[in-house]
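Make the complex out of the two chains shown on their own, each in a separate frame, by following the hints.
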Amino acid sequence: MKLTPLHIKESICLVPQITFEVTQACNLNCAYCAYGRLYNSEIKRERKNLPVEYAIQIIKYLVSFWDSKQDPSFSKQVYISFYGGEPLLNIDFIKQVVAYVEGLNLTKRQFVFSMTTNATLLDKYIDYLVSKNFRLLISIDGNKENHSYRVTHNKNNSFDVVYRNVKAIQEQYPLFFRDNVNFNAVLHKKNSVSDIFNFINEEFDKNPTIGELTTVGIKPESKAEFWETYQNKKESILLANNTKTLKEKLFLETPEINQLALYLHQYSQNVYNDYNELLFDSSETERLPTGTCIPFGKRMFITAEGGILACEKIDQKYVLGNVDYSGVYLDFDEIAQIYNDMYSRLAKQCSTCSIKNACQQCIFTLENKDNPICRKYMDKTTFKRFEQYQMDLLRENPYLYEKIMKEVIIN
Amino acid sequence: MSDKIISPKKDTINTSVINLEQARYWFILYKDTFVWIKNKDILVYNSKNCKSDLFKINDITTKVFEAFQDIHNLYCIELIDLENSIVQDIISRIERMDAGRLICQEKESLKPIVLPPILNFQPNLEVIENNEYSIIKGKAAHYLNEITLYLNKEDKLTRQLVHLDYTKLKENLSILPYSSVSNVNLYAKSITKYVYWEEILEFFANNNIEISINLRLKEIEDFHLMENNSFFNAITINIEVENGTEKDYRIALSKLKDKFQKINWRIFISEEQEYRQQEEIIKLLEQETYEFIPVFTGKNIAFFKENVYLTNNDLKDIEISRKDIFMNQVLNSNYFGKLTIMSNGKVYAGTQMPAIGTINDSVQELVYKELTQGKSWLRIRDMEPCCDCVYQWLCPPPSDYELIIGSPNLCDKIFT
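As given, the protein sequences belong to chains A and B, one line each in that order. In terms of this note's numbering, the first sequence opens at residue 1104 and continues consecutively. In terms of this note's numbering, the second sequence opens at residue 2 and continues consecutively.
The following block holds chain B by itself, in its conformation from the complex (with noise of 0.2 Å):
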């Protein structure tokens, strides 16, 4: 039976030998519908309304399903049996989340047409025909878009501040007016004895990049920045919050709201009552920028599977954009473009990866190096389990806790 379902390939019908006891019928999806065949499911996901419907897969699901994705079919095929339930049960599914419609060939003769979703990535599209990264070479100062600083470290051994290379810091970003940068991260043991301190900030300021300043809640009182410094309006101070104290906040208040026009509160929690303590503080005193960070600490991966983990149920209220799931299947967001340079003068893609180079290093061939031969800018779903997924270009791209956790994804699905 299923075998009649759909209509072998043809141009063209002719539209003569139609009558409504054998009417026959255009089944389209639409351009922004994206359909995932794996294993035992067939995941239909329209990307405009980001409705989703899974479903298990039997013959005549999969029979309809690779119908539509073989692409010369161009998001149509022919339905010649709506008497069956499992058709009727696609058609209706599909119809309702807006991801398709049936058409009677007696109102629309000429077979429709549609642009099935499918990436045409031009720098991939060269390494697979060429073997040529012409693309990649002649831009790789514009991949560069986020730049994080350690300006200094104390050595475990000596106890000394070791501090970063201003000179060559500077000579190597003076690329930075081809480059994607609009923000740099400053992080430092402490932060006003790094000895180019106000230069830095002149040299950020005067590229016309934000500059974050990242500080530890406990170790605001050290913190001095000169008064009347012109460039606090392109600051922006996040606090780091770990155990942190009603006391400490109303501390790093007092100190820095005046100053500074932009403070976040970057508050790391490892288990549910700490969530809960610190949600009371930053209430408390009505802070409206904050974000709660997980911190995996070995011991508390039940705390994680509760609040970090995708349930089955997050899955399907997932909502991403077609541009973003092609995103995913390209390149890893949470790392793209971000190089983190070390007070030693290591350069990292990925913090939790090998330096991929030094300060030595220019940013054209530290860009290269990680697009080429990297692990994490590029790093996205194509591992086990998650290749073998249909939300494989739904979930987030991977991301450090993975790789500290040990775990290649952060779902319910292999735990299941």
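Looking at chain A on its own, in the form it has when it is part of the complex (with noise of 0.2 Å):
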């Protein structure tokens, strides 16, 4: 199956996200940071700003694919977030475009504001962000000693500033922090995944999220310091002294557990997206290679520079289209060229993988794109040992079997 011209514009038109990375500026210099002196980017940073006026022509732009009768959806739940650097170093942007949202009056959307922010500036705009009801990502790794890559540029450890504001909106508004905040926290050498749950956990009563460092594109002269900084999710659950407790609480967050949901998802032919597969035979041709994403079918990130993208987490040199004053350039025909030309490259390698039907590869984390080796890539005998380990691992938990198939949701 070839991605068309069609694809793209319907999955434009139910874009679930909007992420607008407000500014390139951070008040904080994490040492592991994406686009920090770790990593390569091609495009540089320069603390600039995303203007207003960008962020309205791609709402205007959207707003004319959800007011038209082509639209194939009933209603659907829009996300705008605010991303950065720190998103909150540019408050006007945030509330005029919040404005321009809720003046929108549309019948078959429904907006919801969220935003991931390092928290240090929540005391001041924290009755703003509760009045627009938004959804905060706050990212925090641990306790004081855990927290301590995430430094201001005088190289401050952030946490005391970070613990005092997320402490106060918990004492303040309550419900709010029930049910609109949740913890982010990336994994590293200060801290274990054990670390950052207990913290959460006790200090907030949250499951967090928990992520690793981002292994794609780290400078060559910087490899030494990456490693000596990264640390494995699954080997620290596992050398975890409550294993048993994260593997339960933490559930799909686990690595094991989430791939063996997306085995069962995949493999028992037990489960079921949707009505039409179950009322129709789908084929091998109706998939597309790999486990990238459909460009925008799960969000649309609009750089500072005005460059649309597919995700926040793919390179900024990979843009598919642009927005500027004048309004926005997105050329249907041409994405789902890019995206062909780059299945076609893998076409070989996906045609024989085992795993093909549960692949998570994203094109665009490969490594050298004109001739991209998949290193997630399975022949028969390593699927073999692949669905080994998930039968094991269902034998020694034979309660997985029955709460993946009967509450996870995949979509």
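Just so you know, the hints here were simulated from the structure itself, not pulled from any lab data. Note that beta-carbon positions come from the ideal geometry of N, C-alpha and C, so glycine has one too. Treat the hints with caution; some may be incorrect.
Reference excerpt, derived from the structure (chain A facing chain B, CB under 10 Å, subset only) [unchecked claim]:
id, residue
1, Tyr1164
2, Gln1372
3, Asn1373
Calculated Cβ distances over 10 Å to all of chain A for the following chain B residues [claimed, not checked]:
id, residue
4, Asn121
5, Asp166
6, Leu170
7, Lys219
8, Ser400
The following block contains the structure:
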């Protein structure tokens, strides 16, 4: 199957999240930042702010789809997300975009505002964020020692400010805190999954999401330092003295349970995502290769420079279009062509890969785009071992089958 | 005694304690095997080879199959008393239908596990977990897969033809490229008197949608299509036959067979004699694509019981795939994805149910309404008496016949 301009048009119309890189500026200088000194980036970051006019052009462009008779949805929730740098450094932008969106009065779209923040400025703006019912994803790596890579430009640990601000929200706005605040932590050598979980669970009664450092795009000269900073999530869980509790509480956040859920969803023949999957026979040819999302199928990311990308995790050199004061430029034929070309470079590997149905490999995170080699490729023997591993996990934890089959929503 | 047949649950066993005299066995079912326990019956169905076996309930069979139904056992139970004749009978019948097997732990000490066929249907989970319909809302237009249009109909009072509003229809169907529609059925009192007849054919043909024109046999003499119509290849003619004579058939063939490659006969029958007469004609004329459609007249229930209702033997012979079993648990394949638009603009998801809206409502609204409040697309056999029957999910989904006859099912079970 190939991606067509119609697929792109449809996914733009149904885009569930628009993420604005409000500013490149950040008041922290985290040692492991993906835009920081450990990583290559062909795009130079100059503390630029995204002009609010660009954001309004993007929204106007999308409204033309949402208002059209050809919108295939009955209605849809759209997240308007603010990302950085530290987005609260440009609160005027946020306020103007929120006001614009609130004035749209669309019948088929409901908007939810969300933000990823380092929490250092929450004391100044929390009243506004609460009034607009923002969903907050707060970055915190655990206790003060665990958090010590997250420093200011003066190299001071930001923990005390972050902790004070978060505690203040918990006390002043308990319902908002309960329903709208979540935590994200980065795993590294100064913390562990257990440290992170215990701290956030005990202090804030929440289960955090925990991410590893991104292993793509590291400068050759920084590799040694990177690997001194990096810690593997699966190993961290196994080494913990509360492994069982962590697996139960973190559940899908646990890599091996996540992998099992993915395996069961794709290979058990018992999971159906949609009525049409039950009604019609799907063939091999109807599947797009690799685990790359259909562009804009999950989100649209607008960089501070006005670049339009399919995701904030993709290197900004892979812009799919642009926005400026005059409007939005997105060529559906060209985007389809870009993706189909990239698929074709992996077609041979994908055709013999035994785990292609559960592939999670994004094309954009592969090294050497001209001649990519997929490190997640599985031949029949490897896949058999992988399958055996899943069966062993189920044999040891039979409750997982019921829980995954009766509770887990992947969509 | 029965307490000792299945060993208590445990995660691992110590192989060093096993010897031939005290051999233990794993008894497994295969992943395509379904087990249903209802009232006095236990049905085991192998969806791979479509073999089934009905077990009568007693303490031991219940214990064995309830253990299989315990999802945490992952379709593997441990047997420690193979001397029991009932257990032996179960094993041999299961092995005979290739639905499972017995494994001596001497040969396989690690507990085998199998993934029982339980459905994880994401849109339903979303509703159960979060009371949310975002999957359905976002994809509403995708679920439309067939449209039936009644282009015109004679008004009973004025005798004037009421025509379907083509402008409104075309506007509403601009969503077609995002839908799953591959076929449209056209009906009319007088099809060629529909003002937008040519336009409507062109509209669907341009959207790569196959067109089925449904004509009554007795009215074919009045049917005209423009000569050299470029859409003929995209058109199937369904000829609806009620008490047709050989002459009627021949007139229809002489008029249509040179123009249309695809002609289907849909022959409505309400009694045996009619069936035999029509079958004789259709064979005489060497027609190959035809179907007989039973019609309930209110007076021919005996004919239905004889020819339409499922008997116990029919139930035993049902052949249905694992996926179709799951489908029966979720949706009704007779109706799902189909909308009927009448010439007065009313829209139906099932013609025996009230209208779900009008042509002024968008397809997305109509689909969402049917999926969340409707009574046709998701009408499954979850009602009595079907919900108490082991064949509940093997039976064909409920149809219009049940509604017209006024019976919840079309099988012998409620009459015996």
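**Item:** B/Asp166 remote from chain A - nearest C-beta pair above 10 Å
**Value:** About 16 Å separates B/Asp166 from the closest Cβ of chain A, which puts it past 10 Å; holds.
Does A/Gln1372 meet its interface restraint, that is, does its C-beta lie within less than 10 Å of any C-beta in chain B?
-> holds (7 Å)
query: Regarding the assertion that B/Lys219 does not contact chain A, is the least Cβ-Cβ distance greater than 10 Å?
result: Its Cβ never comes within 10 Å of chain A, the nearest being 35 Å, so this holds.
Notebook entry, point to check: Measuring from the C-beta of A/Tyr1164 to each C-beta in chain B, is the shortest one below 10 Å?
Noted result: violated (19 Å)
Status of the hint placing A/Asn1373 at chain B (closest C-beta pair under 10 Å): holds (6 Å)
Item to check | Verdict on B/Ser400 as a residue remote from chain A, using beta-carbon distances over 10 Å | outcome: holds (16 Å)
B/Leu170 remote from chain A - nearest C-beta pair above 10 Å: holds (13 Å)
query: Hey, does B/Asn121 actually stay past 10 Å from chain A on C-beta?
result: Per Cβ check, B/Asn121 is inside 10 Å of chain A; nearest 4 Å; violated.
Checked against the numbered hints listed earlier, the structure breaks hints 1, 4; every other hint is satisfied.
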